[in-house]
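Student: With chain E held as given, fit chain U onto it using these hints.
Here the protein sequences line up with chains E and U, keeping their order.
Under the numbering used here, the first residue of the first sequence carries the number 1, and numbering increases by one thereafter.
Under the numbering used here, the first residue of the second sequence carries the number 1, and numbering increases by one thereafter.
Simulated from the structure, these hints should not be mistaken for laboratory data.
Heads up, the beta-carbon is just placed ideally off N, CA and C, and yes, glycines get one too.
Hints may contain errors.
[As the list claims (entries may be wrong)] Chain E side only, calculated, beta carbon under 7 Å to chain U, not exhaustive:
no. : residue
1   : Pro180
2   : Ala235
3   : Ala294
4   : Asn295
5   : Ala311
6   : Pro318
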Amino acid sequence: MWFLPTFGLFVTSFRPAKDILETGWWNILPHKDWETTEQIQLPKDTNLREPITVGDQTFTTKELTQGITVDGKRYIWENNMARLINVQEKRWTTNINFTLDNYKAVFGGKEYNIKQPDGTTIKVKGSNMTRSFLNTLASAVPSTIFPVLIATLAAYGFAWMKFPGKKLMFLIIILLLVVPVQVVMSPVLKGFTFLGLNGTFLGIWIAHTAFGLPLPTYYMYNYISQLPREIFESASIDGAKKSTIFMRMVLPMSVPALASIAIYQFLWVWNDYLVSLCFLGGRDEVKVLSMDIANLVGTRGNDWYLLSSAAFISMIVPLTVFFSLQKYFVRGLVGGAVKG
Amino acid sequence: MKTVNQKKSSANLVLLSSIILVMDVGLLWAIIKFLCNLKVHSVLYAIIGVLLVVLSVGFIFCSINWVVEQYPDKYKNLIQPFLYIGIAVLLLTMMLLLPAIETLYYSFFNASSSKFVGFSNYLAIFSDSQLIIALRNSALWVLFAATSCVALGLVIATLADRCSYEKLVKTIIFMPTAISYVAAGVIWKFVYFYQPGDQQIGLLNAIVVKFGGEPQAWTTMLPFWNNFFLMLIFVWMQTGYSMVLLSAAVKNIPSEIMEAARVDGAGEIRIFFDIIIPYIAKDIITVTTTIVVFCLKVFDIIQVMTGGQYGTDVVATNFYRQIFMQQNAGYGNTIAIVLLIIVTPVIFINLKNFRKQQGGALL
Chain E
1 MWFLPTFGLF
11 VTSFRPAKDI
21 LETGWWNILP
31 HKDWETTEQI
41 QLPKDTNLRE
51 PITVGDQTFT
61 TKELTQGITV
71 DGKRYIWENN
81 MARLINVQEK
91 RWTTNINFTL
101 DNYKAVFGGK
111 EYNIKQPDGT
121 TIKVKGSNMT
131 RSFLNTLASA
141 VPSTIFPVLI
151 ATLAAYGFAW
161 MKFPGKKLMF
171 LIIILLLVVP
181 VQVVMSPVLK
191 GFTFLGLNGT
201 FLGIWIAHTA
211 FGLPLPTYYM
221 YNYISQLPRE
231 IFESASIDGA
241 KKSTIFMRMV
251 LPMSVPALAS
261 IAIYQFLWVW
271 NDYLVSLCFL
281 GGRDEVKVLS
291 MDIANLVGTR
301 GNDWYLLSSA
311 AFISMIVPLT
321 VFFSLQKYFV
331 RGLVGGAVKG
Chain U
1 MKTVNQKKSS
11 ANLVLLSSII
21 LVMDVGLLWA
31 IIKFLCNLKV
41 HSVLYAIIGV
51 LLVVLSVGFI
61 FCSINWVVEQ
71 YPDKYKNLIQ
81 PFLYIGIAVL
91 LLTMMLLLPA
101 IETLYYSFFN
111 ASSSKFVGFS
121 NYLAIFSDSQ
131 LIIALRNSAL
141 WVLFAATSCV
151 ALGLVIATLA
161 DRCSYEKLVK
171 TIIFMPTAIS
181 YVAAGVIWKF
191 VYFYQPGDQQ
201 IGLLNAIVVK
211 FGGEPQAWTT
221 MLPFWNNFFL
231 MLIFVWMQTG
241 YSMVLLSAAV
251 KNIPSEIMEA
261 ARVDGAGEIR
271 IFFDIIIPYI
281 AKDIITVTTT
291 IVVFCLKVFD
301 IIQVMTGGQY
311 GTDVVATNFY
321 RQIFMQQNAG
331 YGNTIAIVLL
341 IIVTPVIFIN
351 LKNFRKQQGG
361 ALL
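Bound conformation, chain E alone (with noise of 0.2 Å):
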């Protein structure tokens, strides 16, 4: 129930374009299904009009058309012009054609053939996702590294440092982690169509960093204030001025927490789809993967040899970093209990 869905769209992303439409991706399994034994050929002049002798049996267009079970034994028309029929015999068969054609599609940005279920062969301009990949990418590694380190920085001064307001500030933090993004989305627009960030990767960046801040902030806050208190007391009776703890000993110290925060985020923008739809848009130079399958979705919703390889492009990063680092992923997936 868990794996079988993705299973399925996975196996229907190597299967060719026609056989997808045709037979369901199970089909790769060994099943039992009709093969064609023997033909026979028909007089040319028989009439499709009139009860159709075949051996020794007699058969209906109609029935031909649709094909007729007789003893274990299906007669359809191979060519009914030619008055060719083909007797079939329920057999063991795989169904496997498997090809990159698919992937090839999607990720070139050129015109490519590709075969019609009807066994025609149309030109189809390609989605060019090799851009929006690296457009993803272009978005999420500094979406992820901006707002990880600025927490930080916040959190060590939260929780080491004293200032007035302090509590208050901290409280309004933990206020803002559940704040739906909808609520800020129109103003926080239109001050940026008016900055002209619109439209640009540092507007996407901002709007990740600013909106994921909370969670990061919190979740270092709480490992960072758990450091033991001696470290940071004899390094300022050393001397130490406070960036310099900062740089040599917090975030050392910090490194497995500052892991699993950085991958949660990570994941977060990578699969974002909101955000970028508002401030990013669909502009060929900056559109990200969530944004071409939606689009893909909504222009050409049968055509799964596109829709399924392309889901799994997209899907391809974030597996890769749930299997490598699952780990460190829980881990910030555990911290991240109290955001929504």
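Tutor: Leaving out everything else, chain U in the frame of chain E:
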């Protein structure tokens, strides 16, 4: 003589601070303008952008820090903390706090934000049949999707704890949390896929046909019930999340308690309801609130699967249409505020939890 010197040096410091401040603001402005107008390939842009931003913000931080270090201790200790929290506080204020207040303000204005209309946007909500459907659906989502995520997560966490191939089961169930809602939408669109005739390539319809049923267009042509097929996608994605969190909690239950209950002859079901659930009640609440907020914000699944049509609209998709398609700012802002009001209880639960957790450390 000494005081004159001191005065002179403090005047110098003020001058120095002002120069550095002006320089830093200028630098920041120049970088923003430069990056706004930079037209290069996205990867190059990202590399240049990260380098520029990190270097310039680092420079700004160091320069201000350097000046502040020269101040007398009294001022230094007062100003320095703001240097550390400054960037975060500034960003959050500009991007979240002030805009939220602006949204609240404009929710009392008309569609083009030019005329004050009082509460009429809020009143209009109750007569807008589309939005009432959206609110009903959001309520359904919270009621069914969130509850099944938590319940299923809890059951799997408990069962997996006794299972010999626990890790494999958990990994498989957990995997969907890593992928995007959009990709999950595509995966399930394929499961639900419908085409006329007997030859079905969608898994669900193929199963239905196999057992002699009629194939259906699950997400479009089944009014009301289609919502549940959309929720199933969410449950599929988020059960792993609740499972992981609750599984950590289940493992924390001291084994002596469980042993004692077993010795006393309690059955597994009794243990589940009378020991496990009460013991991890706090974790269940945390997970539930988080998933409820996820549910209320769900946008991608619905946008990709149905676009909010066929009676599957929720508050988040309705908001998007009001702001971006119908250009109705006043009404859209009102919906956003309604969303905020709905999540307010969760904010309070978070604050309360935090107070308890931290004890006297900060608050």
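Student: Okay, which hints does this one fail, numbers in order?
Tutor: 2, 4
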